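*Asks:* What follows is the residue order along each chain.
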Amino acid sequence: MRKSIISGVVAAIAVAVLPVTMATPSNAYTNFSKCSDLKACGGMDALVKAAQKEGKLNVITLPRDWANYGEAMDLFSKAFGIKITDDNPDGSSAYEIQTIKSAPDSKVPDAVDVGITYGVDNANLFAKYKVATWADIPAQYKDVSGRWYGDYNGQIALAYDTSIAKAPKSFADLKDPAFKNMVAIGGDPTGAQEALMSVFAANLASGGTTKNVQAGIDYFKALKASGNFVPVLANGQNLAAGAYKVSFSWDFNGPGSIASAAKIGKTIKYVIPTDAVIKGTPYIMAIPFNAPHPAAARLWTEFLFSQNKGMLTKDLGSTAGLTGSKIFASIMGGQNIWISGAAHPITEPAMRAKGLAIDPPAGFETPAGAKLVTPTPDEQTAAKALLKDQWPAISSK
Amino acid sequence: MKNGAVANQSEGTIRRSFSISTKSSPLFPFFIFVGFFLIWPIISLIIRSFKGNENEWTFANYLPLLHGSYFHAFVVSIKLASITALIGAILGSFFVYVIVNSAGPKFTSVLDSICAVFANSGGVPLAFMFIAAFGTEGLFTKFLKSVGWDIYAGNFTLFSFTGVVLVYSFFQIPLMILVFKPALQGLRKEWSEASINLGANSITYWRHVVIPILTPSFLSAFFLLFAGGFSAYATARAMTVGTVPLVPIIIGTLVDGNVISNQTNLGDALAVGMIVVAGVAMSGYLIAQRRANRWRAA
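If you're matching them up, the sequences are chains Z and R in order. Be aware that the first sequence starts at 1, since it is given in our numbering, and climbs by one per residue. Be aware that the second sequence starts at 1, since it is given in our numbering, and climbs by one per residue.
The following block holds chain Z by itself, in its conformation from the complex:
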């Protein structure tokens, strides 16, 4: 009994000390472009040290109000003293891939956040790196060798201007003539993931299955015929101009949209529709093989997949003199930051089981007992093929 405790303690000390002792001598020749997990990179202290030495991190197409990325970037920057450059915040996944292929070496992104098909189709562009929370990522959403892995997903919500007479609760509600000239979508479903998932959600609400989105297309057709659907791009500008009042939106765009709408005197509310809860396939995170700041890239990824509850930017004091692992342990991890931005991080189920997850912002709770449906990549491909022909036809007179 006693012996086992002692040996346990010894083992624990050994485990705690080992990476440090191993890291110190190996640090000089760790190849951060190749190390494929935290241990291989020499442990957190060594990784932070190397990342700080690089001093910079290139990210790409991360809007500040998208899933609370603004907070994630600020916190990372402040905690580790690493300057973040965000190239083309409103760009697309295709742009991210193109930049990896063609940008000059120093401008290549250190990490990308792209639609899942872009990860699968371009796996050869990415370095193998497994984050510390690897085991909590569901198997269907990660590459076995660690080239890419799901980071978070969104659910389709109804976003509406509270000035309208009737508050919508479901897709069925929007057929009401009270919503004439009011309903918009966030893009062309053959080009925007959010819009594609909106069609899936409408489809589900209309009795369709994920195998065939015809009912969803018909839903929009009917809404167009009744004049309720306005094919204007749902964005802040057009909302301000009053061009639409209700839109289908990722829930994780909610907190940002609500805040920016408030600045122009509009009150927006988000509600998860009662007749369909579509959970999108996750976006995926990957580190390009040619990342110019490989250590910072790995630290950023560890940070985004960390399940820590710790401090946010506003609470964080100076981190000067602290070891890398101390800093890392003291700040909130990306998984919880995404929850605070109304997104659904990939390890959330595991975090809930372990009691590590924070609560989502008020108003963004998924209705109790709702059945979450996620279309598979193959089903999405089939839907796109159908939409390619049918979406342009919904408005023909």
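These are computed hints drawn from the structure, not numbers from a lab. Be careful, since some hints might not be right.
List of simulated lysine to aspartate or glutamate pairs, EDC-like, C-alpha gap at most 16 Å [said to hold, decoys possible]: (1) Lys266(Z) <-> Glu137(R); (2) Lys56(Z) <-> Asp37(Z); (3) Lys180(Z) <-> Asp150(R); (4) Lys101(Z) <-> Asp256(R); (5) Lys107(Z) <-> Asp87(Z); (6) Lys180(Z) <-> Asp256(R).
As the structure is a computational prediction, the values presented were derived from the model and not from experiment.
Since the structure of chain Z is already known, use the hints to place chain R on it.
*Replies:* Here is chain R on its own, set in the frame of chain Z:
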């Protein structure tokens, strides 16, 4: 004698080619610019349009253009460009006639500036301008409603083919005014006086003098407007979210989307298709322009 002539001739040739290169040297930056931003992109675009995802040579990217939704998109794009160019050309030349015949030089130059601004408006700002003015809660919509005309009472919507035609006219008409005005100004008083002296009335003068002289200029302007309307992208995209299928918008979703990956080569093929259509329009423009210039030189 013979030798001397040859020597002279070659000396002349040498001098001429030398003088050409020194004269055109200030244009080198321009040639570099054109090379980088026009010639090179076109060549690499054409090459990529014949490549598959594994970098292999293929014609497969062009097959979808010949039928189905991509073919339909070309039809709609050409229809949109033709209608807006026609509206622009007809209304624009009418305005030009009024301006040339009744506006003073100061007023004309003010109009020129205004037209130049409008002709160059485009993209998302143009779409937003119309949304803010004629959208469901637009300023004009509200004003018209207050005087008893609810434009949204019927089937009208700005976010449709008709709406896009309306918005495009906003830059097509001023563009027509700018490019067509010189032609109308070039009509000489002497010609009308000569016709009248020879016994023509104003109808015969128009039929036999004005219309034949102006037709090439009118056509060249029409082709120019067509090319502009055919290639416009952001405005229509912001107003229709893909419900009006236009080739540039489809290219956009293929090469710069978040949904369809690895189909950029198809987008390249569509772009080459657009170059071909635009090339036909521009050839029409050049031919018409050459005929029109005959009168200007005279």
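*Asks:* Taking the hints in turn, state whether each one holds.
*Replies:* How the hints compare with the structure:
The straight-line distance between the Cα atoms of Lys266(Z) and Glu137(R) is roughly 14 Å, inside the 16 Å bound, and the hint therefore holds. Restraint check for Lys56(Z) and Asp37(Z): not satisfied, since their Cα atoms lie roughly 20 Å apart, outside the 16 Å limit. Restraint check for Lys180(Z) and Asp150(R): satisfied, since their Cα atoms lie roughly 14 Å apart, inside the 16 Å limit. Distance check on the hinted pair: Lys101(Z) and Asp256(R) sit about 14 Å apart at the alpha-carbon level, within 16 Å; holds.
The straight-line distance between the Cα atoms of Lys107(Z) and Asp87(Z) is roughly 9 Å, inside the 16 Å bound, and the hint therefore holds. Taking the CA atoms of Lys180(Z) and Asp256(R), the gap is near 32 Å; set against the 16 Å cutoff, the hint is violated.
The structure shown violates the earlier hints numbered 2 and 6.
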